[in-house]
Amino acid sequence: MIHANLSERAMYRQIPWLREALDYLATTDFPSLPSGKIDGPGGRFRVIIDRYTSKLPEVAIWESHRAWIDVQYVVRGTEAFAYQPLHDGIRVRTPYDADRDVALYEPCGERVRLAAGQFAVFFPHDIHAPGLADGAPAEVLKVVLKIPMTAVRVGPGGG
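The numbering of the sequence shown is this note's numbering, which starts it at 11 and goes up by one.
For the record, the hints were derived by calculation from the structure and aren't laboratory data.
As the structure is a prediction and not an experimental result, all values here were calculated from the model.
With a Cα cut of at most 25 Å, we get these calculated SDA-like pairs of lysine to any residue:
| id | residue 1 | residue 2 |
| --- | --- | --- |
| 1 | 156 | 59 |
| 2 | 156 | 49 |
| 3 | 156 | 87 |
Each pair of labels, with its calculated beta carbon distance range:
| id | residue 1 | residue 2 | range |
| --- | --- | --- | --- |
| 4 | 67 | 104 | 16 to 26 Å |
| 5 | 42 | 120 | 33 to 43 Å |
| 6 | 43 | 98 | 36 to 46 Å |
| 7 | 149 | 15 | 18 to 28 Å |
Don't be surprised by glycine CBs; every beta carbon is placed ideally from N, CA and C.
Work out the full structure: start from the sequences and follow the hints.
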């Protein structure tokens, strides 16, 4: 997992797919766009624009993905998310479903605050429960970029 301020995106410039995603987040006027799903530039990633009320931790959905990386960016408001690295001791609630690209888990991990202007990147080895209230439930505008794992090159010159 990566958790940082979008204003610090220059430190990720050496990772091509992440640089493109963060530049897109920094240069798009999301408050003027309707909620929903759209394709990112060149169709290289999916964009989900979501307006919602953050939820209480007891209704959190603990999930991980294999085919997609989530880049979650809070545009307005504050939320918390729960995070736990995936390992053998984690109890699976619903086994991985390739059609939905999701596995669900019993609650685990710790909570992290995600304020306006901050982003989190969740990789396939990261269990996460996003959209949680940071105190009382509140209104949030969040953008999730779904980056296909096929776009991620690992090794020299990759990212």
